[in-house]
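Asker: Now for the letters of each chain:
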Amino acid sequence: MVEFYQPGESWVHRADPRVKLAFVASSILLLFLLQHPLIFVSAVLGLIGLYRSAGLPASRIWRVGRAVLPVGFLLAVLRAILYPAGTALIAFGPVQITGGGLAQGATLGLRLLGMALIIFLWLFTTESQSIVRGVVKLGVPYPWGLAIGLALRFIPTIRESYDTIVQAQRARGLDLDRTRGLGRVRALLPGLIALMVSSLRASENLARALEARAFGAPGVRRSTLVDIAFRPVDWLFLLLIGLGAAAILLFYLRFGIGADPIRLFP
Amino acid sequence: MILAPRLEAIDLWFAYEAERPALRGADLVVEPGEFLALVGQNGSGKSTLAKHLNGLLRPVGGRVRLNGEDISGVATGQLARQVGYVFQNPDHQLFSPSVEQELGLGPRYFGLPAAEVEERVQRGLERFGLRSIAQRGPGTLSFGLRRIVSIAAVATLQPPVFILDEPTTGLDWGSASHLMDHFAELHAQGHSVILITHDMRLVARYASRVVVLSEGRVVGRGSPQEVFRHRELLQAARLQPPRIVELVERLVISGMEIEGLTVEAACRSFLTRYRLKHG
Ligand SMILES: Nc1ncnc2c1ncn2[C@@H]1O[C@H](COP(=O)(O)OP(=O)(O)OP(=O)(O)O)[C@@H](O)[C@H]1O
Ligand SMILES: [Mg+2]
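Read top to bottom, the protein sequences are chains A and B.
Just so it is clear: in the first sequence, position 18 is 27 by my numbering, and no numbers are missing.
Just so it is clear: in the second sequence, position 25 is 76 by my numbering, and no numbers are missing.
For reference, chain A alone in the conformation it holds in the complex (with noise of 0.2 Å):
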């Protein structure tokens, strides 16, 4: 099966669940307050940094980008394609091309990507019981903090359960390469359904093999085996990511840096 989780030695891995989940938060937020695409192009260069000195390997970048490449490609297209801004470029009929209009495509593909790569970089270098540990000492309760984790925990493996699935209509004569479109929804529609049927039977065993370990006895007050606590270090990645989102949002909100897709510097 194929975890998220990249077991790791790097300074990213070793980084306090919360510390990472704050860079999660911030950058992310200041993803949707920057404009300019030049910004977006050096945030995905810095995330692919972070990858790389996270030690992980290429093709776990490429399974990111692949994943959401598609849907920001045709996202930045329509985008560009129907709200031109300023004066055309190119233009095919009504179709018309604008510099503004690509800059805003370029810069909703690159959040995309952007984000996804941030969510990643947490999931790739945080094992699921650090994760849980995280938020619950965040104020999540613990079973909500679980529930997440198990939730983390099934996405890969609901995912192999529809490949299956898929691969079981097909071995039975469904012919994909012949049928289109809404056909194409149709005929997939049973093995959506296989999919809940068996995702169901299986969280209902995983309740069952919960209780029967003993989750959610009365009177009983859970103690953990894997602990998490601040180190020094991580005290000062806090106060670096701080000090970064305020500076950019500073020149953002004070200059209007990146605040528009066209001129970086207004």
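In short, the hints are calculated from the structure, not lab data.
Check the hints yourself; a few may be wrong.
[To be verified] Examples of chain B residues toward chain A, derived with CB under 7 Å: (1) 126; (2) 138; (3) 144; (4) 232.
Beta carbons are placed, not taken as given, at the ideal position from N, Cα and C, and that holds for glycine.
Starting from the structure of chain A, add chain B with the ligands where the hints point.
Answerer: The following block gives chain B with the ligands in isolation, referenced to the frame of chain A:
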């Protein structure tokens, strides 16, 4: 009589994840009408190899031939007419609101006329003893029954070649032998059967040839007899022959003339010798 095609996998390479190939140059030939057992420890690549034989997975290196023709351009939906595949987990292959419709799903994908579909469904219900639950939803059945429905649903495709991926796990010995006897019958009619299993008793009883897989490569092949005798091979692939084979082997070592891989065969051989000696 059915004439099954010859299947041939040559030097197959495949990886789910680039760093860890699941197949590393696997070779396999399935002669028309043979009963082949594919064995090897968990994760050795049995399912992965089998999924190449009907194009569910496409190799990154090597090729698969069906009657000498490369299948790389042929869709799985088409190959399904030649090669039927029963998956390891029944819950991944039950799609329909009723058992009856489940059995008819494949024939309908093939575009067979309604009367023909109906006939195949009825025959399937009969053969696998599913008549009394024909209207039940497959999801509500016990594991054993789901298992059997998933097998019956492939049998209605009437493919010349069957691939059975651990068809008897979770079945009691009675249901398992009943099921396997059914495939022995199909085998007698000319179908090829590829049986993936960890149960060496089934191998001894039904297979005419065994292929042993380890770490994505074929590390041994031969008759069950030959494979069961090959100590190092068994150890490397973490296989244990049926106890009766060990018993017979020890008796042979202590000077008794006896043979057989199943209890029945060993008994027969013993009785023949015994009667010869003692009249
Ligand atoms: N969908 C998948 N994604 C990633 N890796 C996989 C997938 N399916 C199988 N593998 C890996 O490929 C290798 C071969 O698996 P395969 O399922 O072919 O083995 P098997 O011999 O059928 O094992 P078993 O006896 O457990 O069924 C294993 O290392 C397995 O972890
Ligand atoms: Mg398998």
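Asker: Please verify that hint: residue 144(B), Cβ, nearest Cβ of chain A, below 7 Å or not.
Answerer: Constraint on residue 144(B) satisfied, holds at 4 Å.
Asker: Under the criterion of a CB-CB separation shorter than 7 Å, is residue 232(B) in contact with chain A as hinted?
Answerer: violated, 24 Å
Asker: Quick check on residue 138(B) please, does its C-beta sit within 7 Å of some C-beta on chain A?
Answerer: holds, 5 Å
Asker: Regarding the hint that residue 126(B) lies at the interface with chain A, is the smallest CB-CB distance below 7 Å?
Answerer: Holds. Min distance 5 Å.
Checked against the numbered hints above, the structure violates only hint 4.
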